[in-house]
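A.B. asks: If you're matching them up, the sequences are chains C and R in order. Throughout, this note's numbering is defined as the position within the first sequence, counted from one, plus 21. Throughout, this note's numbering is defined as the position within the second sequence, counted from one, plus 25.
Don't take each hint at face value.
[Unchecked claim] Some but not every residue of chain C turned toward chain R, in silico, with C-beta under 10 Å:
no., residue
1, 31
2, 94
3, 96
4, 160
5, 161
6, 166
7, 171
8, 175
9, 176
10, 179
11, 207
12, 208
13, 210
14, 220
15, 227
16, 233
Simulated from the structure, these hints should not be mistaken for laboratory data. These numbers were taken from a predicted model, which means no experiment stands behind them. Note that the Cβ used here is the ideal one computed from N, Cα and C, for glycine as well.
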Amino acid sequence: MITRRDFLKIAAFSSLLGLGGAFTINALEKEPGQKVLKDINALKGKRWAMVIDTRKFKTELDFEKVIKACHKAHNVPEIANPLHEVKWIWTDDYKHSFTHTAEEYISDEIKHRKFLLLCNHCENPPCVRVCPVKATFKRPDGITMQDMHRCIGCKFCMAGCPYGARSYNFLPPRDYIKEFNPEYPTRTLGVVEKCTFCNQRIDKGQLPYCVEASEGKIIFGDLYDPNSEIRKVLSENIVIRRKVELGTQPMVFYII
Amino acid sequence: MYDGWKIILGLIVFVIIVTLPFTMSIGKPYVQPKPSIDTPEIQKMEKKQCIEPKQYMREMHIKILYSWKDYATREGKRVYVASDGKQYDVSLQNTCMKCHSNKEKFCDECHNYVNVKPYCWDCHIEPKVGGVK
């Protein structure tokens, strides 16, 4: 028969052991003494956002330039079959881009206009909430990032995203990339991928590829900075966003 | 001892199985892995020194890479300050492999020897020598 006193002793000792184990694991996790800093040139922002001036996108070539710049730099595979396709930035028409809020009697020109679509880097992203392994997460500057090393390919985020911004690698992506950009990784079979707002470029002080390739048709900046260019553009134009009724607070605005 | 022969037979089988890794390699020559640092990029360097001392890199490279992944993707920190104060871009493809452009003779040499299969290259593109798969 074990006494109450002995039982407590054993319990206390084993919990100490457990704590010790946790400390050891934590100590092993990150190499101590490493010094890793932010680039001094990094763009500083509290909430990155984008305004797309849809009036200025006139020809197919305008869209193609932007999409190509992104997809080429990020080694996005070109898969024709829509069931397996992978896309970071793409186009659709008014009705399908702005489901539920599309105006029935808007001008024919707008009805037939094409809209550039990409991940909205929502303030309140459903994909982050549903990810069971925290592969997808919010950076402090508002970018919805994804850690490809951690993605298990469960596709919950694809079901969660109301904008269809996420693609799953059903096919080995390297078989469908014509020209590799050796500076950027590809993805592997069985992970989900999407636009990352070019965080690797922002961290080095450059603007996203699409913004650069659009030649002024896309404005990128810090939404929380009242003196930023993006705030000026937003205050001077009437903008709409995709599926605002869902409360995800998308960070991509469209000038109509 | 009841059923003594069964016990002894079992023990003999056990010892044989446990010592199999040793007995199997008897007679095979021991080939020490020799990762090559003979690449044009390293030859050009005045002082042939990786980001940290050799022994440290040998022991810690996977931990460095693993923490680099977290620093870069999670915290947006992409500048590594080495112990000698030099700064490097936090990137496997654009820093490590720029010098070690001979993946097959450098990375694979030891990884094959100890039979570990890191899945870095499922996504990260290895330098052109072996060609992009």
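A.B. asks: Mind listing which of the numbered hints don't hold for this structure, in increasing order?
C.D. replies: 1, 2, 8, 9, 10, 15 and 16
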